[in-house]
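Student: Modelling step: build the complete structure from the supplied sequences, incorporating the hints.
Okay, here's what each chain looks like letter by letter:
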Amino acid sequence: MDRRTGDEWSGDSLLLDALQRYAQRMLGELPCEEELSARYRNTARLDQMIGELEKAWHRQHGE
Amino acid sequence: MEFDEKSVKLERLYALHKNVMLYTAERILRDYQLAEDAVQKSFMKVLDNLHKIEDPDCNKTRAFLVIITRNVAITMYNQQKKQAVPIEEIEQVDCAQGLTPFEEVASKESVEAIAQYIGQLDKKYSDVLMLKFYYQYSDCEIADLVQTSPENVRVRLHRGKRKLAALLKGDERFNGSQNRR
Chain A
47 MDRRTGDEWS GDSLLLDALQ RYAQRMLGEL PCEEELSARY RNTARLDQMI
97 GELEKAWHRQ HGE
Chain B
505 MEFDEKSVKL ERLYALHKNV MLYTAERILR DYQLAEDAVQ KSFMKVLDNL
555 HKIEDPDCNK TRAFLVIITR NVAITMYNQQ KKQAVPIEEI EQVDCAQGLT
605 PFEEVASKES VEAIAQYIGQ LDKKYSDVLM LKFYYQYSDC EIADLVQTSP
655 ENVRVRLHRG KRKLAALLKG DERFNGSQNR R
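Residue numbers (this note's numbering), protein chains in the order written: chain A, 47 to 109; chain B, 505 to 685.
Computed cross-link-like contacts, DSBU-like style, restricted to lysine-lysine with a CA-CA straight-line distance of at most 30 Å:
1. B:549 x B:627
2. B:627 x B:556
3. B:585 x B:667
4. B:564 x B:667
5. B:564 x B:549
6. B:586 x B:549
7. B:549 x A:101
8. B:549 x B:628
9. B:513 x A:101
10. A:101 x B:545
11. B:673 x B:627
12. B:545 x B:627
13. B:556 x A:101
14. B:510 x A:101
15. B:549 x B:510
16. B:556 x B:510
17. A:101 x B:564
18. B:628 x B:513
Derived DEER-like restraints, expressed as beta-carbon distance ranges:
19. B:670 x A:102: 41 to 51 Å
20. A:106 x B:583: 19 to 29 Å
21. A:90 x B:624: 31 to 41 Å
22. B:531 x A:93: 20 to 30 Å
23. B:675 x A:85: 31 to 41 Å
24. B:515 x A:80: 17 to 27 Å
25. A:79 x B:616: 22 to 32 Å
26. A:106 x B:516: 18 to 28 Å
27. B:674 x A:78: 31 to 41 Å
28. A:102 x B:666: 33 to 43 Å
Keep in mind the hints are simulated off the structure, nothing from the lab.
Beta carbons are placed, not taken as given, at the ideal position from N, Cα and C, and that holds for glycine.
Tutor: Dropping the structure here:
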């Protein structure tokens, strides 16, 4: 049992290994980055949205 | 974390994973511009948890971003369809169900089998199991990340654990009564 959470499943090494493996499988089912890059060649609008989000976040946190 | 460090990390995350996030959102929303909106919303959540991301360039981070984007996109899809996502009913919790079934397993070869069973769960269960046990987020943090209530997170965790335990119980490799000598 994980003493911090009181959860018997927390810290179970076999579960952690299985979750890590599941994450790999999940990513393996997605197209490779090369294919994705070809698919999303023009992300100018999103680039701008993320740039503005970052600026707003820094302003909000007084940085 | 300093301003520059945060900016560099965010830019790195974006450059490395924006395409897979777009793909994940577009598959759900079937609309590129909405998918862009979903990626932006996902990054709003990522910004609040930037300090928890150790390495932008690893599969653990990539899977985390896919999970967050999937949940943001599903919420947007439901809002578009005006489908209220029902708060799941709270079930009676059987104390014995909290006991780990993994301690019965004799071999590390079973990792692959457990991963397969996790993959068979509904994503709403596997996602919270991942966020709770692999990424070690609190129930409240998970609620914010997947846009639901902490109560609903606890219900999903309980149900996910119960469903996974049931799948393992049906497999003789994990059935303690058959394996125990």
